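S.K.: This is what each chain is made of:
Number of protein chains: 2
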Amino acid sequence: MSTTFAPLQNDTFLRACLRQATDHTPIWLMRQAGRYLPEYRATRAQAGSFMGLATNVDYATEVTLQPLERYELDAAILFSDILTVPDAMGLGLSFALGEGPKFAKTVRTESDVAQLAVPDMDTLRYVFDAVTSIRRALNGRVPLIGFSGSPWTLACYMVEGGGSDDYRLVKTLMYQRPDLMHRMLAINADAVALYLRSQIEAGAQAVMVFDSWGGVLADGYFQAFSLAYTQRVLNQLPKEHHGQRIPRIVFTKGGGLWLDDMNTLDCDVLGLDWTVNLAKARAAVGGAVGGLGKALQGNLDPNVLFANPEQVAAEAVKLLDSFGAPHTDRNTNGPTHIFNLGHGISQYTPPENVKVLVDTVHTHSKQMRLRR
Amino acid sequence: MSTTFAPLQNDTFLRACLRQATDHTPIWLMRQAGRYLPEYRATRAQAGSFMGLATNVDYATEVTLQPLERYELDAAILFSDILTVPDAMGLGLSFALGEGPKFAKTVRTESDVAQLAVPDMDTLRYVFDAVTSIRRALNGRVPLIGFSGSPWTLACYMVEGGGSDDYRLVKTLMYQRPDLMHRMLAINADAVALYLRSQIEAGAQAVMVFDSWGGVLADGYFQAFSLAYTQRVLNQLPKEHHGQRIPRIVFTKGGGLWLDDMNTLDCDVLGLDWTVNLAKARAAVGGAVGGLGKALQGNLDPNVLFANPEQVAAEAVKLLDSFGAPHTDRNTNGPTHIFNLGHGISQYTPPENVKVLVDTVHTHSKQMRLRR
Chain A
1 MSTTFAPLQN
11 DTFLRACLRQ
21 ATDHTPIWLM
31 RQAGRYLPEY
41 RATRAQAGSF
51 MGLATNVDYA
61 TEVTLQPLER
71 YELDAAILFS
81 DILTVPDAMG
91 LGLSFALGEG
101 PKFAKTVRTE
111 SDVAQLAVPD
121 MDTLRYVFDA
131 VTSIRRALNG
141 RVPLIGFSGS
151 PWTLACYMVE
161 GGGSDDYRLV
171 KTLMYQRPDL
181 MHRMLAINAD
191 AVALYLRSQI
201 EAGAQAVMVF
211 DSWGGVLADG
221 YFQAFSLAYT
231 QRVLNQLPKE
241 HHGQRIPRIV
251 FTKGGGLWLD
261 DMNTLDCDVL
271 GLDWTVNLAK
281 ARAAVGGAVG
291 GLGKALQGNL
301 DPNVLFANPE
311 QVAAEAVKLL
321 DSFGAPHTDR
331 NTNGPTHIFN
341 LGHGISQYTP
351 PENVKVLVDT
361 VHTHSKQMRL
371 RR
Chain B
1 MSTTFAPLQN
11 DTFLRACLRQ
21 ATDHTPIWLM
31 RQAGRYLPEY
41 RATRAQAGSF
51 MGLATNVDYA
61 TEVTLQPLER
71 YELDAAILFS
81 DILTVPDAMG
91 LGLSFALGEG
101 PKFAKTVRTE
111 SDVAQLAVPD
121 MDTLRYVFDA
131 VTSIRRALNG
141 RVPLIGFSGS
151 PWTLACYMVE
161 GGGSDDYRLV
171 KTLMYQRPDL
181 MHRMLAINAD
191 AVALYLRSQI
201 EAGAQAVMVF
211 DSWGGVLADG
221 YFQAFSLAYT
231 QRVLNQLPKE
241 HHGQRIPRIV
251 FTKGGGLWLD
261 DMNTLDCDVL
271 GLDWTVNLAK
281 ARAAVGGAVG
291 GLGKALQGNL
301 DPNVLFANPE
311 QVAAEAVKLL
321 DSFGAPHTDR
331 NTNGPTHIFN
341 LGHGISQYTP
351 PENVKVLVDT
361 VHTHSKQMRL
371 RR
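Respectively, the protein sequence lines represent chains A and B. Going letter by letter, the first sequence gives residues 1 to 372 in this note's numbering. Going letter by letter, the second sequence gives residues 1 to 372 in this note's numbering.
Bound conformation, chain A alone:
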């Protein structure tokens, strides 16, 4: 816990999270350590399975750093899964090759919920050890982001037992037994909070809550069953660690309609998917120079990376321009943009297009600042 880490050389990402002026727009990509990289596939083949990779500190460190060797990314993100917490609750997470996550046990009845509890963080030691190991290996190059699934997103998987097309089981429980759903979400929120706090103590320099399935909820239910429990997580997180601010990012896929609601969250950054107009989002929640607001992260359609390199570059420029000029006054806060995709990068992405994207974002965003 008292580990000292190397000083940070590139703080662009952390500054942008806190709405501070930067020399360029920082970029990182959700799932940047992943199957689109041949070196990742090689390591995964050695590890035998996804969980074999995620639970082994050396492998997790190796794959986390792989994309940084290829691209000038401004942040690293812990290699792990959004569902480690319910796994630690004893539900038995696994990934069959080429398929989504599956739980051996599900949570569907009153007695299932009664058996749920915030897990002993010792069962998640492998995650915290990986955080510390990655932070050491990064050696101050870029900051390290820790993360978890949101309480609602965890509940979706816990009830359904895996992915779903219609969320019929989890929504049936929610509509029929809102009391049980609230009980489950409170436990999930407290578990996620403890989990993220432990990641911060282990060395995470920012934390992100992935509300991957918040967007499937009806208006009204999103606020009560997803947003409120994300806020319950945020309430329990330290804003600083060893004197350093720990920015918090919340990303609800399909949450663009609820941006005003999300603006009330006690977090620093809102993640956006590609359906959101970045200029409108900036106007709605980005705040003024010298005023309060949220930093915005996103929101390129991952499928843009299947276009030709010139087209990828053009789309990156278009997105940067739609956010518009970020403020450049180092004495005050103002609207900032962290470039990212609107969802995890596809396993079929040509790696060379990622280089075009990262380099274009850096080059063009520097030019945007000079032009002012």
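Just so you know, not all the hints are guaranteed correct.
A pair holds if it fits inside one copy or across any two, identical chains being indistinguishable in the list.
[Stated by the list, open to error] Within a straight-line C-alpha distance of at most 27 Å, the following computed DSS-like cross-link-like pairs (lysine-lysine) qualify:
{"no.": "1", "residue 1": "K105", "residue 2": "K253"}
{"no.": "2", "residue 1": "K239", "residue 2": "K105"}
{"no.": "3", "residue 1": "K280", "residue 2": "K318"}
{"no.": "4", "residue 1": "K318", "residue 2": "K102"}
{"no.": "5", "residue 1": "K280", "residue 2": "K102"}
{"no.": "6", "residue 1": "K366", "residue 2": "K280"}
{"no.": "7", "residue 1": "K366", "residue 2": "K355"}
If you're looking for bench data, these hints aren't it; they were derived computationally from the structure. Every value quoted in this text rests on a predicted model; they were computed, and no experiment measured them.
With chain A fixed as given, assemble chain B onto it according to the hints.
M.R.: Coordinates of chain B only, in the frame set by chain A:
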């Protein structure tokens, strides 16, 4: 073509489409003739396959009327599929049991697109015959809605060959070869327009465009690749037939963020999914009494129908109240609401809950009007 049909007894749905005052809020349900009904499953078993059902005039008539025997629905919708047009283009539509649609041929290359053409409407004669047969069988009880998939939604299936998680192939084509995609969408739009015109001539009293996959597009691309071609369809439809107004409904699933854009469409009704706040949508596009605006259709989460009957009734009341009191002045137009689900009804729905829903909507919406 010169068929005379029985006079309409219940015009509540058509009036609400045109923002005219009604005594109650009309209700119908997307996919109301479907697998949740045991009598539908029995007919489908006789027909052997979904397409066997849809292409046989007698079966299509029978299943279209089945839900009207059980529930006091205010409209009937042609039993068919959104993908009949690409099937008529020669792509070979089929449905394996328990699975989504599949096309034998896909459209992915320049030469594939070059071979596309607006199909001869004679190959869709089975649809128009079904429309006329259903209209006769309805005998004026309620109006009959005709429909098609939107040009973009058809293109998704034509390129992907079936459903998709990530729309990688269709979006790759769109980002790499926007020229080809525009060519395909123009052909689709002209084909859909001809198809809907033929349905109107055969007896459809309102038409609906299902833009089921418009919501997967990035901001900017939705407007250029989906909305513009839906408008191209609308441009080619007659507003009246034999002196009767033919209302047009456009439903983009996941389109709530683009409501202002959709408000520019030359249609009468906008369909909404459950993520949209009905009160806000009314304020944004519903228009004032005496002013222009769109009627709104939707938007109950279909999963509400898995709750207990009292809960289903409570959710229906909540949704009606969130739209608020419709205008009651028969001398002018004003905001109106057509009750529906935010997506097709699930095959697992308990049929008795649908009765609770329909009856609650009628009873409560009458009370809302008396209270004023």
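S.K.: Against each hint, give a clear statement of whether it holds in the structure.
M.R.: Going through the hints against the structure:
no., hint, in the structure
1, K105 - K253, "within (26 Å within a copy, 33 Å between copies)"
2, K239 - K105, "neither (35 Å within a copy, 56 Å between copies)"
3, K280 - K318, "within (14 Å within a copy, 30 Å between copies)"
4, K318 - K102, "neither (38 Å within a copy, 36 Å between copies)"
5, K280 - K102, "neither (38 Å within a copy, 38 Å between copies)"
6, K366 - K280, "within (22 Å within a copy, 39 Å between copies)"
7, K366 - K355, "within (17 Å within a copy, 61 Å between copies)"
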